[in-house]
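There are 2 protein chains.
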Amino acid sequence: MNFINKLNAAWTANDSLLCVGLDPDMAKLPPQFQQDPNGIFNFCKEIIDATADLACSFKPQIAYFAALSAERQLEDICAYARENYPHIPLILDAKRGDIGATARQYAREAYDRYGADAVTVNPYMGSDSVEPYMEWADRGVIILCRTSNAGGSDLQFLNVDGKPLYQHVARLVAEKWNSNGQCALVVGATFPEELAQVRAIIGDMPLLVPGVGAQGGDVEATVKSGRTANGAGMMINSSRAILYAAQQPGEDFAMAARRVALETRDAINAHRAG
Amino acid sequence: MNFINKLNAAWTANDSLLCVGLDPDMAKLPPQFQQDPNGIFNFCKEIIDATADLACSFKPQIAYFAALSAERQLEDICAYARENYPHIPLILDAKRGDIGATARQYAREAYDRYGADAVTVNPYMGSDSVEPYMEWADRGVIILCRTSNAGGSDLQFLNVDGKPLYQHVARLVAEKWNSNGQCALVVGATFPEELAQVRAIIGDMPLLVPGVGAQGGDVEATVKSGRTANGAGMMINSSRAILYAAQQPGEDFAMAARRVALETRDAINAHRAG
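Sequence order for the protein chains is A and B.
If you're matching positions, the first sequence starts at 1 in the UniProt record's numbering and goes up one per residue.
If you're matching positions, the second sequence starts at 1 in the UniProt record's numbering and goes up one per residue.
No lab work stands behind these hints, which were simulated from the structure alone.
Covered stretches of chain B (chain A as the covering partner; in silico rule of three or more C-beta atoms under 8 angstroms from a C-beta of chain A):
1. 63 to 70
2. 89 to 103
3. 114 to 127
4. 153 to 162
5. 165 to 176
Below, in silico cross-link-like pairs of lysine-lysine (DSSO-like), each with a Cα-Cα straight-line distance of 27 angstroms or less:
6. A:K45 <-> A:K28
7. A:K163 <-> B:K176
8. A:K176 <-> A:K163
9. B:K163 <-> A:K163
10. A:K224 <-> A:K163
11. A:K176 <-> B:K163
12. B:K28 <-> B:K45
13. B:K163 <-> B:K176
14. B:K163 <-> B:K224
Far from chain B, some chain A residues (derived; all Cβ distances over 12 angstroms):
15. D15
16. N230
17. A273
Don't be surprised by glycine CBs; every beta carbon is placed ideally from N, CA and C.
Extracted from the complex, chain A is given alone in its bound form (with noise of 0.2 angstroms):
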């Protein structure tokens, strides 16, 4: 199943467009973890168990791993979700953007090494460093539209022929870059009118937004502009909200995540009809 049709199956079998996000900040794990070789794992693992029900989606964040030296345990995290949880896509978000025979090595890492089914890809350098990654049939490929951290707009806000650049690079991925099929966008939550309008460009095609924790009060408003017609089209993705719930030292922080992630994934679902 390509990662299209495996989104789509997520979407319905767990009543849910929330991704669950890694980002293993060992200064924030729980203390049995930061001593623990192999704790960063072991976290994740147990947010991976509380949570797959709720998720469409897990995505770790590779540059958590890399700056540990960690590469091991995220192969063994991506494994894991893998053979347990092989109806939920995995993403490896590593921004990845290079050319020719570079951005097939970094295809191997993400869709071979790591096994993930979709990568995500920065699309500053053009056609020819996404082109590569299509060579896996069967994978995604998951490029930066519009996002939401305040420098977002110095370049992505810029004024092409009457239209912020980030509609352009929506319009090049719609028309040209996703021609099998296998493309998505990333558009941050923060701006919900502009969520819309790359939704009106791109039709169907689904999109990676980060920026709603549980507390985000604009949860509505970036469901009700980011939806398809269905009710769907959208992996909405919380990380350190769900991660680090837990309030209180000693409290389980995988009950707490998985509480943060159903209230989540509810105030999500509560308006995708309608």
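Once you've looked at the hints, dock chain B against the given chain A.
Relative to the frame of chain A, chain B by itself:
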């Protein structure tokens, strides 16, 4: 000594603008390295030893190591270069692009784990995807501006207020992001007139210039377009033309690499003045 000072010193000490790129493609390595579990390290070590007096920088491309699960060998080759050739800047070509806490993880990876003097970074996510690197005050950030691949024009050549996007990136870096003097830019060698336009915008900021091999017909145009008034300002990269210079089985690959590195350095130097 910070990155820019170290680079200036290396330009002078080795009378060279040549950056030796380390892209170890297993299928292209001499057979003795393909069978060696430490073959990537050993191959790169011999290339470094053979070219260290001819280079102004070494640039390992992390994708080639990551695809082969060879991060330990990358750590080792970076440590080897730093210890044996501490006056030659070490550039990690990673083209990272992410924000805030995640960008800081990538900076830790490049600067602390691999000990790189500088790292390549993608500008698409804007200022707060570059700022976290600046906390390492003695290191450099080399930002993608204009790449010479076929798809490079997809975004970089879009018309923003009458100028192509890449010139806005050059201006953003020169006027805003480079306030600490830690930045350099990547500009490909394919279009010398664009190199000249970028040089006119950025003053003496260093350029990393891929796309020139020993056989490249455009060495003259590249150097004349990109050089600073004192005949420096560029790291002109060559990877495969040097690494895989040996033409016949049994030919000494390191001697062949040295020969091509010397030819390339001299071809560049012929056009630095005047």
